[in-house]
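Participant: Sequence:
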Amino acid sequence: MKLTEGQRRTILRYAELPAHLSGRLAAKGTAATGTPFTLDELDELLDHVEASVYRAKGNEKQKVLRIVERVSKLLGSTIDPDEMPGHRLPKKTDTVFQLKITLRGIDPPIWRRIQTTDCSLGALHEVIQVVMGWEFEHLYRFHIGGLDYADLGMASFDEVEDAFDTTLSEVLPAGNRRPRFDYEYDFGDEWIHQLVVEERFPPEKGMKYPICVAGQRACPPEDCGGPWAYPEFVEAISNHDHRRHEEMLEWVGGEFDPEKFDRNAVNDELRRMQTKVT
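Take the sequence shown: its letter number 209 is residue 194 in this note's numbering, and every next letter is one higher.
None of these hints come from the bench; they were simulated from the model. A quick note: this is a predicted structure, and the numbers were derived from the prediction, not measured. For glycine and all other residues, C-beta sits at the position ideal for the given N, C-alpha and C. Careful: at least some of the hints might be erroneous.
Unchecked claim - Taking CB as the label site, the calculated pair distances span:
| id | residue 1 | residue 2 | range |
| --- | --- | --- | --- |
| 1 | Glu144 | His230 | 43 to 53 Å |
| 2 | Arg229 | Gly191 | 48 to 58 Å |
| 3 | Met(-14) | Glu184 | 13 to 23 Å |
| 4 | Asp171 | His225 | 24 to 34 Å |
| 5 | Gly238 | Glu35 | 35 to 45 Å |
Construct the entire structure; sequences and hints are all you get.
Facilitator: And the structure:
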């Protein structure tokens, strides 16, 4: 990706980048030759630059917004509501979506990669709960192209679309190469997940979907306080000298390994949702 020297300085000034991104942007000669990023790194860069908009003032804010727009276009990630069909489709498309789900605000990241056939957003909610490790305890909503989608029978806010009457193919325009959208769970703790569509392809004969193909790190415990409180929780259970060590360890049930992720166990649980492609 090519950036002007001014754009690089703007990003480095306002965005709180991890070392592997800031170091690459700060390297000499990148203004002329461009800075190499993987698609995952561009997604990560876009997250940090978007989060920095509020720190910039005046003309600098406009510079940051232009950089956000540029990276979004490069990724093909912007979902325009005008591109969505104005009616419900009569049936699901014959498409498998590969999605990367990343829990925002946690470092190192907690993420999962799944493959699912076209399904309702309500069904996708159920898949996310299983693969992340949540317990179906709280309300949720998807935020896609400026609209919210949720279970109408449980929604606690106005102007929401029906998640069970909306499929992935309806809200993810085919022309978008790598669209991104958000899924929020537990409006008190505000666990916001970013979903990125990495690939779309025909279903493989004999394959069962949905399936989790990769992931890292354990899901935080329910009701632990959100991404702001989670690092303190991990510190408390990991440090025997922490004043709340015994209290937090007892609260979580005696043990918790923040680095543990068992993909086989997740897929065992997904089997009740799976449909075999014939």
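Participant: The structure should be examined with respect to each hint, and the outcome stated for every one.
Facilitator: Hint by hint, here is what the structure shows:
no. : hint                          : in the structure
1   : Glu144 / His230: 43 to 53 Å   : 45 Å, holds
2   : Arg229 / Gly191: 48 to 58 Å   : 50 Å, holds
3   : Met(-14) / Glu184: 13 to 23 Å : 21 Å, holds
4   : Asp171 / His225: 24 to 34 Å   : 29 Å, holds
5   : Gly238 / Glu35: 35 to 45 Å    : 36 Å, holds
The earlier numbered hints are all upheld by this structure, with none contradicted.
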